[in-house]
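Chain order of the listed sequences is A and B. Going letter by letter, the first sequence gives residues 1 to 333 in the numbering used here. Going letter by letter, the second sequence gives residues 1 to 334 in the numbering used here.
Worth flagging that the hints you see were computed from the coordinates, not collected in a lab. Careful, some of the hints might be misleading.
To be verified - Cβ-to-Cβ under 8 Å is the rule here; a few derived chain B residues that face chain A:
| no. | residue |
| --- | --- |
| 1 | Pro45 |
| 2 | Gly97 |
| 3 | Gly124 |
| 4 | Ile125 |
| 5 | Glu188 |
| 6 | Tyr189 |
None of the values given here were measured: they were computed from a predicted structure. Note that CB positions come from ideal geometry on N, CA and C, so glycine has one too.
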Amino acid sequence: MSEAENKSVRELPYVMAINEGIKEVLREQKDAFIAGEDVAVAGGVYGYCTGLLDEFGEDRVVDTPISEKGIMGLGVGASATGCRPIIDLMFMDFVGECMDEIANQMAKMRFMFGGKATLPVTVLTMGGAGGSLAAQHSQSLEAWLAHLPGMKVVMPSDAYDAKGMIISASRDNNPVFVVLNKASLAMTMEVPEGSYEVPLGEACVRTQGKDLTIVAFGRMVHEAMASVEKLKAIGIEAEVIDARSVQPFDTETVVNSIKKTHRALVIHEAVKFGGIGGEISAQIQEEAFDYLDAPVMRVAAPFSPVPFSPALEKVYIPSSDSIVTKVKETLAL
Amino acid sequence: MVAKKKNAKSNLPSQKVLQELHMKMVRIRRFEERAGKMMEDGKIPGALHLYVGQEAVASGVMQHLSNKDWITSTHRGHGHLVAKGGEFKPMFAELFGRSTGYCRGKGGSMHISNMDLGMLGANGIVGGGPPIAMGAAFSNRFKKNKNVAVAFFGDGASNEGSVHEAINMASLYKLPCVFVCENNGYGEYTAQSRHQAIVDVADRASGYGMPGVVCDGMDVMAVYEAAGEAIERARKGSGPTLLECKTYRYYDHVGVRGMGLTYRTDEEVEEWKNKDAIEGFEKRLIQLGVMTKKKIENVHASVGKDIDEAIIFANESPYPMPEDLLDNVYNEET
Ligand SMILES: Cc1ncc(C[n+]2csc(CCOP(=O)(O)OP(=O)(O)O)c2C)c(N)n1
Ligand SMILES: [Mg+2]
Chain A
1 MSEAENKSVR ELPYVMAINE GIKEVLREQK DAFIAGEDVA VAGGVYGYCT
51 GLLDEFGEDR VVDTPISEKG IMGLGVGASA TGCRPIIDLM FMDFVGECMD
101 EIANQMAKMR FMFGGKATLP VTVLTMGGAG GSLAAQHSQS LEAWLAHLPG
151 MKVVMPSDAY DAKGMIISAS RDNNPVFVVL NKASLAMTME VPEGSYEVPL
201 GEACVRTQGK DLTIVAFGRM VHEAMASVEK LKAIGIEAEV IDARSVQPFD
251 TETVVNSIKK THRALVIHEA VKFGGIGGEI SAQIQEEAFD YLDAPVMRVA
301 APFSPVPFSP ALEKVYIPSS DSIVTKVKET LAL
Chain B
1 MVAKKKNAKS NLPSQKVLQE LHMKMVRIRR FEERAGKMME DGKIPGALHL
51 YVGQEAVASG VMQHLSNKDW ITSTHRGHGH LVAKGGEFKP MFAELFGRST
101 GYCRGKGGSM HISNMDLGML GANGIVGGGP PIAMGAAFSN RFKKNKNVAV
151 AFFGDGASNE GSVHEAINMA SLYKLPCVFV CENNGYGEYT AQSRHQAIVD
201 VADRASGYGM PGVVCDGMDV MAVYEAAGEA IERARKGSGP TLLECKTYRY
251 YDHVGVRGMG LTYRTDEEVE EWKNKDAIEG FEKRLIQLGV MTKKKIENVH
301 ASVGKDIDEA IIFANESPYP MPEDLLDNVY NEET
């Protein structure tokens with residue numbers, strides 16, 4: 001993070017931090033380009049590709065047809081042969097369109113070739129619910145990706161991390177999925193100008209506490225932080241860890257925290273069954289069983305596709321209130 | 001194999017058919033206009049892709065289909081459902097996210113559907129429909145009925161691998177299927193010339209060994225005639241057709257005004273509006289003596305009234321209950 005020191009900071013929304021991250025990558029790496037649906041002329045459907053075409057030209061900012069298999073294959077083939085592509089997959093749900101290129105090609109090629117191929121490809125994609133975009137435009141499918149040996153998966157929860165992780169991802173010599181969250185696009189915070197890294201695979205303690213450890217992914221970090229305030233009011237001090245990286249996962253930071261708090265709660269927006277929370281709680285009981293005073297608990301979405309109606313979506317998405325309820329349960333209050 | 005630019009011939013359909021075509025188009029136009037307003041008023045959450053401008057395509061095709069014929073739709077799906085017989089009340093209720101909607105508020109605009117009407121859903125996945133239509137056509141043949149399946153998809157969707165696979169399989173198995181490409185010139189904000197190197201998607205038909213037909217998608221009679229031939233061919237077991245309808249959406253990709261991007265000119269929009277399917281058809285109906293100006297006005301008024309009532313219904317409908325969330329994930333019947 002030393003690169004970020006001494007740099008002037010200003011308030012920036014998440015969406016523009018993504019934009020700056022991409023720009024820094026294209027500036028510093030001559031072999032980098034970005035390709036995706038409506039990234040060039042339209043500036044991306046979320047606006048984070050604004051200005052890219054003007055600054056870098058159409059050779060490096062490439063509008064594609066609506067052909068996700070082709071787009072992801074472009075990332076595999078170009079990265080294996082010397083480019084450093086950024087592939088933009090508009091909605092995370094569309095991994096379904098190109099899962100073969102992701103799972104059977106991108107993640108495995110290096111291994112299958114006995115280490116002879118290198119795939120420095122970064123995939124940007126947008127996950128998460130909250131806008132009534134219904135079952136095919138709201139999912140959190142990070143567990144699908146984290147299950148693939150060879151793939152790295154990160155979930156920046158705020159603007160600072162989004163920019164830094166896009167830069168780290170593109171400097172990494174492996175395929176990295178940067179899973180962004182559409183409900184966070186307008187959230188602002190101080191972001192340094194210029195280039196800096198946020199290391200992949202390192203969790204971050206967002207707030208200290210002694211009573212229990214909350215491990216949160218992506219946007220759920222903000223719900224966890226909101227729950228901290230509510231918990232304070234009833235005399236509970238929660239420690240919040242922003243996992244930041246799903247694959248690799250920073251077990252050490254979590255275990256160190258549990259040694260202090262003796263209780264843990266894992267929170268994600270994806271459905272609970274088969275979600276990454278199951279893996280994390282298993283790791284905790286393998287590594288820190290002797291320190292635990294209570295079972296590891298989870299707050300996650302119910303086992304249903306994401307509903308359209310705001311009335312249902314509201315109950316579907318984990319909230320600071322559902323976290324507070326679960327914390328009380330964990331502490332047997 | 002591509003028959004270019006079919007235009008409506010002089011042998012006219014019956015008065016009843018002409019009036020039904022008109023009614024379908026007016027119902028779609030008014031529904032969509034009002035849905036756009038409701039979205040702007042904050043009544044409809046999520047993403048709303050409106051069909052205004054393209055009414056002749058859904059209407060001309062659906063005129064040949066019964067409730068037993070299947071269709072698959074797109075993210076721009078309300079028009080297809082209205083033309084297939086969708087009722088305003090449960091449609092608006094669905095868009096409003098209410099429990100009285102066709103999908104109990106679970107699907108919304110992008111997943112609106114009605115199995116009883118043979119409508120296998122709008123689809124949030126571009127290119128999601130054609131493989132499903134191919135499967136439905138397979139099912140029709142398997143069950144030895146005479147029903148067909150029609151897949152609607154856009155020019156943008158024609159670049160999805162799924163569409164290619166579906167068309168090839170339908171042709172290989174000679175399925176009772178029709179592929180209707182609604183070429184409105186854009187996939188989101190990208191003009192056709194920037195997403196594919198061909199002008200007529202129907203050119204691809206010869207590569208699948210099936211007929212390809214291009215027709216004027218702003219002329220409901222042209223669509224009616226071309227679709228009639230394709231559907232008849234499918235019904236009698238001669239296999240699929242790729243029917244391309246040249247059309248245009250008047251509103252932005254999402255909503256009415258969209259993101260305010262300048263990817264197309266106002267002049268271009270005006271040019272297409274001058275070819276408006278409904279206005280042109282109404283002039284013709286009057287010339288032909290099929291409908292009077294007064295009768296046409298009455299159609300608009302009664303459709304408008306139906307919509308007013310549907311909106312009141314939707315507004316007064318309850319939202320789904322939290323416990324409804326876990327319903328319908330699996331079929332629990334034994
Ligand atoms: C698999 C997939 N990729 C991308 C999208 C995002 N998207 C929604 S509509 C659309 C454009 C579709 O263009 P076209 O098929 O021509 O239909 P039109 O919108 O013109 O009716 C895109 C890219 C999507 N929903 N699904
Ligand atoms: Mg189109």
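Structure-based check of all given hints:
1. Pro45: holds (4 Å)
2. Gly97: Because about 3 Å separates Gly97/B from the closest Cβ in chain A, which is inside the 8 Å limit, the hint holds.
3. Gly124: holds (3 Å)
4. Ile125: holds (6 Å)
5. Glu188: holds (5 Å)
6. Tyr189: Since the shortest Cβ distance to chain A is 4 Å, the answer is holds.
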